[in-house]
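Chains as they are written, first to last, in my numbering: chain Z, 31 to 447; chain B, 4 to 166.
These aren't lab readings, by the way, just hints derived from the structure by calculation.
C-beta: ideal position from N, C-alpha, C; glycine also.
Some hints here could point you the wrong way.
As the list claims (entries may be wrong) - Rough simulated footprint, nothing fancy, chain Z against chain B, three-plus residues with beta-carbon under 8 Å:
| id | stretch |
| --- | --- |
| 1 | 6-17 |
| 2 | 22-28 |
| 3 | 49-61 |
| 4 | 138-146 |
Unchecked claim - What follows is a list of derived Cβ distance ranges for each label pair:
| id | chain 1 | residue 1 | chain 2 | residue 2 | range |
| --- | --- | --- | --- | --- | --- |
| 5 | Z | 70 | B | 98 | 41 to 51 Å |
| 6 | Z | 294 | B | 134 | 19 to 29 Å |
| 7 | Z | 219 | B | 7 | 43 to 53 Å |
| 8 | Z | 337 | B | 134 | 47 to 57 Å |
| 9 | Z | 428 | B | 134 | 18 to 28 Å |
| 10 | Z | 261 | B | 136 | 27 to 37 Å |
| 11 | Z | 109 | B | 136 | 20 to 30 Å |
| 12 | B | 153 | Z | 261 | 15 to 25 Å |
| 13 | Z | 299 | B | 70 | 26 to 36 Å |
| 14 | Z | 230 | B | 33 | 35 to 45 Å |
| 15 | B | 7 | Z | 296 | 47 to 57 Å |
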Amino acid sequence: MRETETHTDTITAEAAEQTVHEPPTPTAAARRMTLNMGPQHPSTHGVLRIVLELDGETIITAIPDIGFLHTGIEKECEVKTWQQAVTLTDRVDYLANLSNNLVYALAVEKLIGDIEIPPKAQWMRVMLAELSRLNSHLVWLGTHALDIGAMTVFFYCFREREDILRIFEMFSGQRMMTSYIRIGGLALEPPRGWQDRVGKFINAFPSKVDEYEELLDANPIWKRRTQGVGFCPLEDLLDLGVTGPMIRAAGVAWDVRKNEPYSSYDKFDFEICTRTENDVYARYRVRLGEMRQSARIIKQALAGMPEGAWQADSPKIVLPEREKMKTQMEALIHHFKIVTEGFRVPAGEAYQVVESPRGEIGYYVVSNGTSKPYRVYMRTPSFGNLQALPALLEGRLLADSIASLGSMDFVLGDTDR
Amino acid sequence: MIPEALKDHPVTAALDASLPEAITGGHSEHNEPTLFVASAQIVAVCRYLKREQGFVRLSAVTAVDWYPADPRFEVVYLLHSLEKHTRLRLKCWVSESDAEIDSVCEVWRAANWYEREVFDLFGIRFRNHPDLRRILMPTDWEGHPLRKDYPVHGHKYSYGEES
């Protein structure tokens, strides 16, 4: 696109005159039109720019242009201490903060090696990651339905999302940038009364999912706009690096939670939702199913939450209790060291994968033995998925592009980092 | 040369038999098999791993800058096999004076954006890449931000010195 721009700049006056005087011919070339969609188009869900070349209403080529939200998070991680960098992981995918906290914490804990996360912290992490998944899927369903023209679902979804954000606020003091999962466990002790709050929400939630389903599936317009739209062969999806619900809607039962379990996911009973149609409707069904499965996991976590510590017993990594600092010299020294210098992580590298609401999120963390990360690479699902956008759009109708785009469920912060 | 830690790894042995000289070392830290691959052989190795060993997915391509060491850059390929649910990491070393390596786009189309990102942020060029442009930074940006000699603060767009 940028090339064409420079071309138009350098066109001579003579050439411009020629183009003006040429009589319009109904050739294919003359029917072509370049359309600039975004970066401030409401249905691109953020700042995504797509340069579309159209022939009538058919998209010939689609070139995504990203990077508008690039904030250099990976670079900034390199000047923070290991624990400080947790706050940056929140800001990568702002709809699934806790999934990002979790994958970073797991990667660093793998590097540290000599640290054992108590069962309670592991189960809490699972529960909160699943609440994040609900949060993210709710925002997705609401906005996706809104794009296609179903207004009501949006309000319903955001009603439930509000409850989830209040739960996050109760745990961490923040609605979105929680930073609640830290290296070595959790940031704070789970608040008093969290069981009631989460229990009340999760008992009511499955009936809410039925409500959304009824609203949309009983709507012939929704079905006509989603069924058979946005198809892309599975081989292409895999080759282009697509992960998560999009792959599962194409019939592959691959979920990191099942296939490479982390944080005691293997102790939970849930199913991988798959469909075979591989269209926008199938992706909607998969995510709807995932919401029900997440609710199942949260219920199990609530029922079987282990008792005990919520932080690892590693005084050199985890901040000491306030009371101990007043009575024990070691605790005071550890506190001083952790706060002023941070802790050192043995040299090495680790790649940790987690199933985020959007797909495989992987952090490749390299340490050179100091108290700051040498390199944190974030393999984000939105970046991987978005690469398949041209394959979903090209050769299809412009009107379907909105449905296809929405079905990918990308977050631009996650893409650009 | 098969590294000691990966002697029993089935993929390594098969790869070494089919493409001798390609593997120059490796390790298995934290049970994550990592192979060092001769830069000139990277495309052949990737093609073999995809076709014969089922690594249908390229999770990502990234790089690490070990400034001021020479060779300076480490290009890292994260591979995943859906059939066996195994992961493999490949590494190639690239020097600063000749920061170029063959693109693996012909093996996995997914490599396209990842290699553009590495080019954008590290300044490593990929030969035979179909569309090697900046992807995250503006097209007219100077420098490559993830290099270690690139400042975190105080680049030319700093607001601190405005009068």
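Against the structure, the hints come out as follows:
1. Here the stretch 6-17 of chain B counts 0 residues with a CB under 8 Å from a CB of chain Z, which misses the bar of 3, and the coverage is violated.
2. With 0 residues having a Cβ less than 8 Å from any Cβ of chain Z, the stretch 22-28 of chain B misses the three-residue criterion, and the hint is violated.
3. With 3 residues having a Cβ less than 8 Å from any Cβ of chain Z, the stretch 49-61 of chain B passes the three-residue criterion, so the hint holds.
4. Given as covered by chain Z, the stretch 138-146 of chain B passes the check, having 5 residues with a CB less than 8 Å from a CB of that chain where 3 are the minimum.
5. Taken as a hint, the range 41 to 51 Å holds for the pair residue 70 of chain Z and residue 98 of chain B, whose Cβ atoms sit roughly 43 Å apart.
6. Range check, residue 294 of chain Z to residue 134 of chain B: about 43 Å between beta-carbon atoms, so the 19 to 29 Å window is missed.
7. Distance hint for residue 219 of chain Z and residue 7 of chain B: a CB-CB separation of about 46 Å, consistent with the stated range 43 to 53 Å.
8. Under the hint 47 to 57 Å, the C-beta atoms of residue 337 of chain Z and residue 134 of chain B, about 56 Å apart, fit the expected range.
9. Remark: the range hint 18 to 28 Å for residue 428 of chain Z to residue 134 of chain B is upheld by a beta-carbon distance near 24 Å.
10. The beta-carbon spacing between residue 261 of chain Z and residue 136 of chain B, approximately 29 Å, falls within the hinted interval of 27 to 37 Å.
11. Checking the proposed 20 to 30 Å range against residue 109 of chain Z and residue 136 of chain B shows it holds: the Cβ atoms sit about 28 Å from each other.
12. Hint check: residue 153 of chain B to residue 261 of chain Z, Cβ distance near 43 Å, so the stated range 15 to 25 Å is violated.
13. The beta-carbon spacing between residue 299 of chain Z and residue 70 of chain B, approximately 49 Å, falls outside the hinted interval of 26 to 36 Å.
14. A hinted range of 35 to 45 Å holds for the C-beta pair residue 230 of chain Z and residue 33 of chain B, which are about 40 Å apart.
15. The hint said 47 to 57 Å for the Cβ distance between residue 7 of chain B and residue 296 of chain Z, and at roughly 31 Å that hint is violated.
Hints 1, 2, 6, 12, 13, 15 from the earlier list are contradicted by this structure; the remaining hints agree with it.
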